[in-house]
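Chemist: Below, each chain spelled out in residue letters.
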Amino acid sequence: MIDKKTPIIQVKNLYKIYRVGETRVHALDGVDFTVYRGEFCAIVGPSGSGKSTLLNMLAGLEKPTKGEIVIDKIHIENMTENQLVEFRRKRVGFIFQSYNLLQTLNAVENVALPLSFRGVPKKKRNEIAVKYLKLVGLEKQMKHMANAMSGGQQQRVGIARALAVNPKIIFADEPTGNLDSKTTLEILKLMQQVVREQNQTLVMVTHDNNLASYADRQFRIVDGRIVKIIEREEAAKQAEGD
Amino acid sequence: MKFLDLLAMSVSNLKRRKLRTFLTVLGVIIGTASVVIMVSLGIGLNSLMIEQYASYGDMTMVTVYSNSYYGGGGGETDESTFLTDEKLAEFQRIDHVTGVSPVLNADAVLKQGAYYCSTNVVGVSRDYLEKIPLGQGELAAADDNELKFYYGNRVSMWFSNEKTGAGYWDNEEVPPVDFMGKPMFVVFDTNAYWQSRWSDSENPVKPPKKYMIPCGGVVEGSFDDYNNYSYDIYTDVELLKNQLKMVFKKNPIPGQPTNSKGKPYSYFVYNQAMVFVDDMENVLEVQQQLTDMGYQANSQMEWIEQAQQTTGMVQLVLGGIGAVSLFVAAIGIANTMMMSIYERTKEIGVIKVLGCDMRNIRNMFLLESGFIGFMGGVAGLLISYAVGYAMNHFLSIGQQMMGVAGDISRIPLWLAGGAIVFAVLVGMAAGFFPSLRAMHLSPLAAIRNE
Ligand SMILES: Nc1ncnc2c1ncn2[C@@H]1O[C@H](COP(=O)(O)OP(=O)(O)OP(=O)(O)O)[C@@H](O)[C@H]1O
Ligand SMILES: [Mg+2]
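Which chain is which? The protein sequence lines are G and D, in order. Counting in this note's numbering, the first sequence runs from 1 upward without gaps. Counting in this note's numbering, the second sequence runs from 243 upward without gaps.
Warning: the hint list may mix true and false statements.
Said to hold, decoys possible - Restricting the straight-line Cα-Cα distance to at most 25 Å, the calculated cross-link-like pairs of lysine to any residue (SDA-like) are:
no., chain 1, residue 1, chain 2, residue 2
1, D, Lys244, G, Lys189
2, D, Lys257, G, Gly119
3, G, Lys124, D, Gln354
4, G, Lys189, G, Ser98
5, G, Lys123, D, Val620
6, D, Lys244, G, Phe87
7, D, Lys244, G, Glu127
8, G, Lys123, D, Phe245
9, G, Lys143, D, Asn255
10, D, Lys588, G, Met145
No lab work stands behind these hints: they were computed from the structure.
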């Protein structure tokens, strides 16, 4: 259910300028958009267009040069590092391209890890972890260590880990970047389905137009600017037109 | 984050690199063991020294002399510093003083069979007598008014044969004097005794009266043993004073001072006073007060003070040597932690993205390095106990170095506890800057693809 009345992410006039020696790189060059609760958004664009930069800033991993980011009615652009960590702990789930599971932990422990940062007792957090691992279809791999799983399985664990803390928003940077096309579709559909079921907001970065078409809305980004916002129906029509 | 979760994470990280953890811990083990062993040797040395002094005599005792020595000195006599009962009562009022005993030396000639000796009988208070360790006999009851002598275990060496003149010093034979078994005859008026002995037959001098004085006891130990009480003959000072008054009546008592007109005083003047102090710590303070009152005061503590300064230096040097190896171990810990942070940059980034508090990250690394310190501290302490035990039981270094039997390596509880706490602190200090570094690592490291 997309709730068009409740904005969860509001970005206003966002700039990110990197200094590389004498030159300035405008990674983001004045970006404005709004994401609503329950939406599945994709940020699409060619390599180097500033997709990751934008996502990192939304997740509070990097600070903008200029502009406003309001997440769940909270301004995060001026937060200290400590406040940002707390913000992520309480509201944000993250899915990585290279999964980033902790190699020393098994699937359950990996999913339970962010819960331990919230001080959830071991028994409780393992229950939650098991629940989400079932949701992503890993009943049989619960006790597997991270490196004893395939890429697709690892990314499923990654998704379960992002969901486990029941965040307001999930960010995913090229979540299928390291997977083959079959697994990519499986993972994508899983994310779509799970996010819908849990009524969560998902912001995904991809450079693949085909994958982006699974999203409710696509933000097309080129050279640090949003050049086009495509609604799902439009995307479908476009596809037909082709 | 719960402390137990934090600890579990730290420990699992240490387990991940077992060999490296072991080698780092080994450094701490060696460091802790050398500090503990060195300090324990210092403590042992110091205690052995104190025990050695203690074997020479009571360390809480101050001996007081009057500066204006009367008798043969011939100089000015200053009545105000005479050691009298009144003055002794004053000493008793000094802080930390638990008791005062007069020491009254009375000339006497002792005779048993063919053997005799010319000596001093030392009159002391009951408190003092109670301190004398008797091997035979026992101290008379407090209300016993009979004068009794208590003999040192080596007193027979002063005796010699009246006819041959031969004594212990001539033939190294211990004169067969039996204090407990046979009666001892004592002459207090020694002047008269010598006059009668050396008088010629033309104008003979009547020999003075002899008194049979019973023996109360003999100091513990055989003739070859030695302690503080081995060489003297002790008796109760009050009974001795009565005896002297009875023997000399109104005449001057030998050894007692006379006033400017050559008349004896109406009271006894003691040769020395013994002041007993409650604790070794306060001995020098009491001694200083006695000196300020115009007396000469001596105690074993003066020597110990000096010797302690020396052993203090030795302790410092020994501890320093140990500290160097612990310092090297600390560098090892810091190095290990830095390595581990480089290796785990990505992991640290990931947990930061996942919302792990920065303080938790820092504490995780501090715990890790503290845990290395803890393991090294405990193992190092165990090794120190083992090495100490070996030194005490198989090498008897104490015996060789100080000539006293006793443990050379001593690990008191505070040292054991302190060593572990210190090792943990060293570990955490070594891990402090690495942990800050980990805390401030950028989470972006986790996002970048390898
Ligand atoms: N730390 C940095 N310092 C300097 N320039 C940077 C930095 N990070 C990103 N950039 C620049 O900002 C621009 C956007 O980079 P970004 O990583 O956001 O691209 P992207 O859209 O995610 O590309 P890709 O699809 O290849 O991941 C690029 O031109 C890049 O060179
Ligand atoms: Mg990118």
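Chemist: The structure should be examined with respect to each hint, and the outcome stated for every one.
Modeler: Status of each hint after checking the structure:
1. D/Lys244 - G/Lys189: violated (36 Å)
2. D/Lys257 - G/Gly119: Between D/Lys257 and G/Gly119 the Cα gap is close to 23 Å, so the pair holds against 25 Å.
3. G/Lys124 - D/Gln354: violated (97 Å)
4. G/Lys189 - G/Ser98: Holds - the C-alpha atoms of G/Ser98 and G/Lys189 are around 19 Å apart, at most 25 Å.
5. G/Lys123 - D/Val620: violated (32 Å)
6. D/Lys244 - G/Phe87: holds (19 Å)
7. D/Lys244 - G/Glu127: Given that 25 Å is the threshold and the Cα spacing comes to 17 Å, the pair holds.
8. G/Lys123 - D/Phe245: holds (15 Å)
9. G/Lys143 - D/Asn255: Roughly 19 Å separates the two Cα atoms, so the pair holds.
10. D/Lys588 - G/Met145: holds (18 Å)
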